[in-house]
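Participant: One letter stands for each residue in the lines below.
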Amino acid sequence: MQNFNHLVSIKDIDKEMIESILKRAKEIENNPKEFAHRMDGKILSTIFFEPSTRTRLSFESAMLRLGGKVLGFSDPKTSSVKKGESIADTIRMAHSYSDVIVMRHYLEGSGRVASEYSKVPVISGGTGIQEHPTQALLDLYTMKKEFGDLNGLTIGLLGDLRYGRTIPSLLYAFAKYENIKVYLYSPDQLRARMTVLSDIEGKLDYSVEEDLQQTIGELDVLYVTRVQKERFPDLSTYERVKGSFIITPDTLSDVKEKMIVMHPLPRVGEISYEVDEMSQARYFEQARNGVWTRMAILDLILEEN
Amino acid sequence: MQNFNHLVSIKDIDKEMIESILKRAKEIENNPKEFAHRMDGKILSTIFFEPSTRTRLSFESAMLRLGGKVLGFSDPKTSSVKKGESIADTIRMAHSYSDVIVMRHYLEGSGRVASEYSKVPVISGGTGIQEHPTQALLDLYTMKKEFGDLNGLTIGLLGDLRYGRTIPSLLYAFAKYENIKVYLYSPDQLRARMTVLSDIEGKLDYSVEEDLQQTIGELDVLYVTRVQKERFPDLSTYERVKGSFIITPDTLSDVKEKMIVMHPLPRVGEISYEVDEMSQARYFEQARNGVWTRMAILDLILEEN
Amino acid sequence: MQNFNHLVSIKDIDKEMIESILKRAKEIENNPKEFAHRMDGKILSTIFFEPSTRTRLSFESAMLRLGGKVLGFSDPKTSSVKKGESIADTIRMAHSYSDVIVMRHYLEGSGRVASEYSKVPVISGGTGIQEHPTQALLDLYTMKKEFGDLNGLTIGLLGDLRYGRTIPSLLYAFAKYENIKVYLYSPDQLRARMTVLSDIEGKLDYSVEEDLQQTIGELDVLYVTRVQKERFPDLSTYERVKGSFIITPDTLSDVKEKMIVMHPLPRVGEISYEVDEMSQARYFEQARNGVWTRMAILDLILEEN
Numbered sequence: 002m003q004n005f006n007h008l009v010s011i012k013d014i015d016k017e018m019i020e021s022i023l024k025r026a027k028e029i030e031n032n033p034k035e036f037a038h039r040m041d042g043k044i045l046s047t048i049f050f051e052p053s054t055r056t057r058l059s060f061e062s063a064m065l066r067l068g069g070k071v072l073g074f075s076d077p078k079t080s081s082v083k084k085g086e087s088i089a090d091t092i093r094m095a096h097s098y099s100d101v102i103v104m105r106h107y108l109e110g111s112g113r114v115a116s117e118y119s120k121v122p123v124i125s126g127g128t129g130i131q132e133h134p135t136q137a138l139l140d141l142y143t144m145k146k147e148f149g150d151l152n153g154l155t156i157g158l159l160g161d162l163r164y165g166r167t168i169p170s171l172l173y174a175f176a177k178y179e180n181i182k183v184y185l186y187s188p189d190q191l192r193a194r195m196t197v198l199s200d201i202e203g204k205l206d207y208s209v210e211e212d213l214q215q216t217i218g219e220l221d222v223l224y225v226t227r228v229q230k231e232r233f234p235d236l237s238t239y240e241r242v243k244g245s246f247i248i249t250p251d252t253l254s255d256v257k258e259k260m261i262v263m264h265p266l267p268r269v270g271e272i273s274y275e276v277d278e279m280s281q282a283r284y285f286e287q288a289r290n291g292v293w294t295r296m297a298i299l300d301l302i303l304e305e306n
Numbered sequence: 002m003q004n005f006n007h008l009v010s011i012k013d014i015d016k017e018m019i020e021s022i023l024k025r026a027k028e029i030e031n032n033p034k035e036f037a038h039r040m041d042g043k044i045l046s047t048i049f050f051e052p053s054t055r056t057r058l059s060f061e062s063a064m065l066r067l068g069g070k071v072l073g074f075s076d077p078k079t080s081s082v083k084k085g086e087s088i089a090d091t092i093r094m095a096h097s098y099s100d101v102i103v104m105r106h107y108l109e110g111s112g113r114v115a116s117e118y119s120k121v122p123v124i125s126g127g128t129g130i131q132e133h134p135t136q137a138l139l140d141l142y143t144m145k146k147e148f149g150d151l152n153g154l155t156i157g158l159l160g161d162l163r164y165g166r167t168i169p170s171l172l173y174a175f176a177k178y179e180n181i182k183v184y185l186y187s188p189d190q191l192r193a194r195m196t197v198l199s200d201i202e203g204k205l206d207y208s209v210e211e212d213l214q215q216t217i218g219e220l221d222v223l224y225v226t227r228v229q230k231e232r233f234p235d236l237s238t239y240e241r242v243k244g245s246f247i248i249t250p251d252t253l254s255d256v257k258e259k260m261i262v263m264h265p266l267p268r269v270g271e272i273s274y275e276v277d278e279m280s281q282a283r284y285f286e287q288a289r290n291g292v293w294t295r296m297a298i299l300d301l302i303l304e305e306n
Numbered sequence: 002m003q004n005f006n007h008l009v010s011i012k013d014i015d016k017e018m019i020e021s022i023l024k025r026a027k028e029i030e031n032n033p034k035e036f037a038h039r040m041d042g043k044i045l046s047t048i049f050f051e052p053s054t055r056t057r058l059s060f061e062s063a064m065l066r067l068g069g070k071v072l073g074f075s076d077p078k079t080s081s082v083k084k085g086e087s088i089a090d091t092i093r094m095a096h097s098y099s100d101v102i103v104m105r106h107y108l109e110g111s112g113r114v115a116s117e118y119s120k121v122p123v124i125s126g127g128t129g130i131q132e133h134p135t136q137a138l139l140d141l142y143t144m145k146k147e148f149g150d151l152n153g154l155t156i157g158l159l160g161d162l163r164y165g166r167t168i169p170s171l172l173y174a175f176a177k178y179e180n181i182k183v184y185l186y187s188p189d190q191l192r193a194r195m196t197v198l199s200d201i202e203g204k205l206d207y208s209v210e211e212d213l214q215q216t217i218g219e220l221d222v223l224y225v226t227r228v229q230k231e232r233f234p235d236l237s238t239y240e241r242v243k244g245s246f247i248i249t250p251d252t253l254s255d256v257k258e259k260m261i262v263m264h265p266l267p268r269v270g271e272i273s274y275e276v277d278e279m280s281q282a283r284y285f286e287q288a289r290n291g292v293w294t295r296m297a298i299l300d301l302i303l304e305e306n
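Chains as they are written, first to last, in the working numbering: chain A, 2 to 306; chain B, 2 to 306; chain C, 2 to 306.
Since the hints were made in silico from the structure, they are not lab data.
Among the clues, some could well be false.
All copies of an identical chain are treated as equivalent in the list; a pair is satisfied when it fits inside any one copy or across any two copies.
Said to hold, decoys possible - Pairs of lysine-lysine residues, derived as DSSO-like cross-links and limited to a Cα-Cα distance of at most 30 Å, are as follows: (1) Lys43 - Lys24; (2) Lys24 - Lys243; (3) Lys145 - Lys120; (4) Lys259 - Lys120; (5) Lys146 - Lys259; (6) Lys182 - Lys120; (7) Lys146 - Lys120; (8) Lys43 - Lys230; (9) Lys257 - Lys43; (10) Lys24 - Lys120; (11) Lys243 - Lys16; (12) Lys257 - Lys34; (13) Lys243 - Lys43; (14) Lys27 - Lys243; (15) Lys27 - Lys43; (16) Lys230 - Lys146; (17) Lys43 - Lys204.
Chain A extracted, bound-state conformation (with noise of 0.2 Å):
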């Protein structure tokens, strides 16, 4: 198995290592008791350059059910870094103060600097719209859970696929598996970078789709993410467009019977409440999911270091 020193893109963790990371999850799911000293003494620095909820608390959450603490910062008006010093300084600093680091930015290429530059392990918690791995793990984990098995399975991703930054990171992640099948949907707009899809092309079976219901029936997961107002150049075109985004208990009228619907969440309207109380709604089961991968994520990455 390949060395675990840093989470900063799927690209570089094989499918050996997703798969690792998967069974450690289900390990601590089953029995997080077990666990719940791994990381006594330990500290983790959350630095946090753009908001953040679920990915910096789930990952708080995750670093103290290991017997771990946290210190850091969720806005940097409020630290040093609004005087303008750079990823490299700050990841120096919190090298020197903690064991593991959790970093969200929103430049491209900043996981990958802070890695270079940091003594102890750096966590991606998000990278500009490049990728965010460990919301693409968590996914991986409920998709797992849920089927047994990632291969053989056909995926619909559906939304912002341009600017979400987990798409990049799930596309990676399902292209290491040797069967499984992608649709797109999308607005125009909002279409996957070609950057991201030449690096998958060969690898991944995917296409790109204009309507969702006429596909919707093949589908295993449906994958939903938010159409944001703002990537619109003007407001009637998201008017037109935003109904065909927006999952109602109509939309799963006719869907195969163990068909899931997730979404990373929050969610502003994407997923109707109706369909909360559906069984195929696996979304808030997804965000309790991200709180077992991410102490697979912790107690791997520090048991290599």
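Here the structure of chain A is known, so what remains is to put chains B and C in place on it, guided by the hints.
Facilitator: Structure of chains B and C alone, referenced to chain A:
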């Protein structure tokens, strides 16, 4: 004794439950070491949609002193809440990450909504202008420590009785006792709301008073709250009335020997600094009592859940 | 040895106390495990009225590494402080919730006020432009680790000597030793304040220098601070002088063999990145020393209280 699943309104708990909380607070204050590991391995989420120092920090101190751990946010701008997430979804996140939730929210009814969606106990840290149940409980604890029994007390509430969220909680609590008498002193614009007064009609002996000096000699407790300039339609009205709601040594020249002055803090001029040195001042002690009372609330609510 | 109840000014502690802190820091750095439970059950409040990353996070790391816990606020906008509460009242809150307080405040004298109202030890994390005693102590620790003894050193202070709050603390500390020589290098607008210099007059051998290059060859330590654009009446003055206060490999072409360069960080261009790789660079090590020194301060101050 009734169930103690959540604490979002004083209306939901009976006198027996209140007395259990006050009793537990006393046990904890007398012997904090005995309770130092009650929350080992437990996590508190503090979810604050409005600024707070005392409520949030005293809950955090309470949880830490019980051996537990804390995570949360106190600034919605640095959390996904700014993206427009519903209270229900935020709570479903928080209950995945923690064992008990303290939430402050500016909307009436927010505490109730939160408790309905949460799988773990929800404690209100302030609900709009509607209620602030834990502040009321620590106030009761302070009075009980002073006088031994709440029955038979004469209590003056002074200042902003309209928008101060602790006032309704206090009145609902007083109404559960047999023999408490309440005087209400406020500018006309800041009188207690009719909806609150109708809730206690016939259950609590209260009267609206024009002049503090006429009845101050009868009081066992004078409970002062802040009169905010912004509550007045024009500055001249504010300037005219504000003097009547500032407590100085002169105000207290003719009071009962064991009478005490309380204030939920922070104060901004409502009680002059000279009063700090007087035997009546009990507001700093009251703040300290917040820790014991909140430890008791956390301890009892997790004992049941 | 004198009492060590608070740490709000270097003026309040004698050389013996400084040496005790540096000695304890060394013991902790050599054997951190031995100190890992010194603060079990203790709580630190970090009360920051101004942005900070290093000071706050390194104190938090220090407290966690001693086995203690941390609460506090770093953004007055999310706390009741924005309502206009006095420092005295805020401190009376903090001492009810914790066992030791670290406070940063923009007002001169704020640390002193805090210490007078607090029942628990108060440590200044920066007091206006007046002092930053713990930064000075970690700087002394860095020098002592390097040279074994502070006596006999020649130290250059460069940059903003007027508004940099660590400068007075360093000068007060140097003045307690017998044989330290100090060169002061700064733009005219940013010279050390007369009130500070008159405090050390006759106690410390210092001289104001025009040109770094003339005396750099004598230095054991070059301590660099940031020159902020905003301090200048006009941009042209800033542009004219700034070059003289940027350290590059060229600047260091003719220095003593064991000379070191220090900086409290964050830096924004005052030291070029090429210097990071040079043998003189000691600023990242200095940041790490902050944790050991602050552990020592917490440990000693709570030993006495």
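Participant: Which numbered hints are broken by the structure, listed smallest first?
Facilitator: Failing hints, ascending: 2, 6, 8, 9, 11, 12, 13, 14, 16, 17.
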